[in-house]
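K.L.:
In full-length UniProt numbering, the protein residues as written are 1 to 534.
Hint data in this document are derived by calculation from the structure and do not stem from the laboratory. Ideal placement from N, C-alpha and C gives every residue a C-beta, glycine not left out. Be careful, since some hints might not be right.
Stated by the list, open to error - Cut-off 20 Å, straight-line C-alpha distance, at most; resulting in silico cross-link-like pairs (PhoX-like, lysine-lysine):
| hint | residue 1 | residue 2 |
| --- | --- | --- |
| 1 | K226 | K302 |
| 2 | K320 | K181 |
| 3 | K181 | K339 |
| 4 | K339 | K226 |
Claimed, not checked - DEER-style ranges, computed between Cβ atoms:
| hint | residue 1 | residue 2 | range |
| --- | --- | --- | --- |
| 5 | R182 | C491 | 30 to 40 Å |
| 6 | N93 | Y360 | 16 to 26 Å |
| 7 | R481 | R182 | 16 to 26 Å |
| 8 | R79 | C491 | 51 to 61 Å |
| 9 | K75 | P414 | 16 to 26 Å |
| 10 | G279 | R182 | 40 to 50 Å |
| 11 | R481 | S30 | 39 to 49 Å |
| 12 | K75 | L36 | 18 to 28 Å |
| 13 | T498 | G280 | 16 to 26 Å |
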Amino acid sequence: MERLSTTTFIPDTFLGARDDFSMQMGVLWSKIRAPLIVPLLRITIVLCLIMSVMLFIERLYMAIVIVLIKLFGRKPDKRYNWEPMKDDVELGNSAYPMVLVQIPMYNEREVYQLSIGAACGLSWPSDRIIIQVLDDSTDSTVKDMVELECQRWASKGINIKYEIRDNRNGYKAGALKEGLKRSYVKHCDYVAIFDADFQPESDFLCRTIPFLVHNPELALVQTRWKFVNSNECLMTRMQEMSLDYHFTVEQEVGSSTHAFFGFNGTAGVWRIAAINEAGGWKDRTTVEDMDLAVRASLKGWKFVYLGSIKVKNELPSTFKAYRYQQHRWSCGPANLFRKMVMEIIRNKKVSLWKKVHVIYSFFFVRKIIAHINAFVFYCIVLPATVLVPEVVVPKWGGIYIPSIITLLNAVGTPRSLHLLVFWILFENVMSLHRTKATIIGLLEASRVNEWIVTEKLGDALKTLTVAAKLPRKPRIRIGERLHLLELAVGCYLFFCGTYDFAFGKNYFYLFLYIQAMAFYIIGFGYVGTFVPNS
């Protein structure tokens with residue numbers, strides 16, 4: 001029998017059309033490559049190199065400041081007055097200022113007992129402290145549980161107030177604002193804020209309040225976060241590396257050089273008078289904490305960061321929760337920058353140097369350039385040079401500067417140095433979402449004010465894991481595990497890697513394949529803790 005040819009099943013007209021289409025695409029590429037693609041790619045590379053240099057200078061500057069701080073011992077208790085609170089025989093407990101402790105929460109079934117218990121255990125005269133639980137929960141069962149917990153502590157003599165609202169207007173900012181309107185708050189001088197998963201040590205107030213008492217120019221005392229579940233999975237280790245750099249370097253440098261940094265939204269103590277003078281809590285962005293900090297700073301108030309005081313809390317361990325958190329943390333600052341940049345420029349109460357620090361270093365470089373450059377340069381532009389070999393990226397911009405920046409970022413978590421390569425790959429993937437969120441914030445596009453509370457698992461994962469071992473019919477929700485954006489970028493990187501493998505000479509395909517694999521792994525949902533469906 002004669003062998004059947006492809007023409008038996010595929011008409012000649014179709015094959016001809018296919019060949020014509022391929023030829024036309026080839027002709028089109030050859031025509032636009034030299035006059036359009038090459039110049040455009042070169043311009044993009046120049047812009048990315050400029051952004052890389054800006055990041056490098058910023059990281060190097062902060063590294064130098066940190067070294068000087070360590071060498072000369074510019075600790076907070078040496079830069080500001082600090083004396084422990086002492087009992088007064090004549091004044092009694094009235095020698096201690098009135099302190100309000102706010103705990104905002106929303107459906108915090110797994111962790112509400114931890115934060116309430118820790119707040120009620122703070123060492124401070126019982127008649128000089130008020131614990132205020134701001135419960136915006138929509139789950140009636142959770143609300144009842146939280147209220148019962150407050151009643152339990154109240155029966156032990158703790159001055160604890162359970163406050164609810166009819167709506168969630170303003171989300172966390174709205175809850176904090178409403179809490180400060182209560183009549184009993186008028187007698188309070190300071191307010192300590194803890195999110196629902198934060199557990200301060202009993203001496204927290206005794207170590208922070210004296211800074212505010214003895215230094216009337218200080219508005220905020222911010223402490224460091226300590227992660228109780230950093231070893232839960234590889235994703236939490238990656239988060240620890242990023243956040244440790246933020247606290248060890250960025251917050252320390254801001255506190256030491258300009259007495260300004262972004263409030264982290266929790267584990268801090270505010271002077272209530274400073275909050276009121278700055279205009280109170282506002283819900284115009286998803287970073288109400290940073291918004292308040294910038295406005296208070298423009299009023300001339302100073303901040304101090306205490307890295308020696310650590311407050312235990314939980315990192316998001318599911319990728320879904322982490323994505324929502326990073327969207328909020330990236331979109332909010334960009335949107336706030338858009339809203340406040342002219343207000344900062346016109347302000348007459350702060351120095352020009354501080355304005356430059358806030359606009360250029362704090363906002364532009366760290367909150368905008370850092371996200372955009374990480375994705376555009378390393379995940380789009382550099383791989384594209386494989387397809388256009390006549391466009392060359394200098395080694396100092398493609399290798400040396402990124403390597404130095406990475407090493408400087410790693411100093412915050414020495415125990416995770418061996419995970420540096422995984423951290424680079426993970427951060428490149430997350431830069432996709434941070435860049436998208438940053439652009440949304442700058443343009444005030446849809447989702448600009450999206451607020452989704454970061455899910456905390458607490459001890460729930462142990463229960464779910466045990467339950468998952470019981471025999472049952474498997475339930476697979478593919479939509480919950482697939483992330484199309486990551487998969488699309490992974491395909492792009494894989495294509496560039498394959499092209500470089502076939503035609504390149506510099507082994508760049510090794511990086512492209514590895515980075516593509518990272519996008520695939522996260523795109524298929526195999527990162528973080530997977531919570532079994534109940």
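K.L.:
Hints broken by the structure, by number, lowest first?
P.N.:
1, 2, 3, 4, 5, 6, 7, 10, 12 and 13
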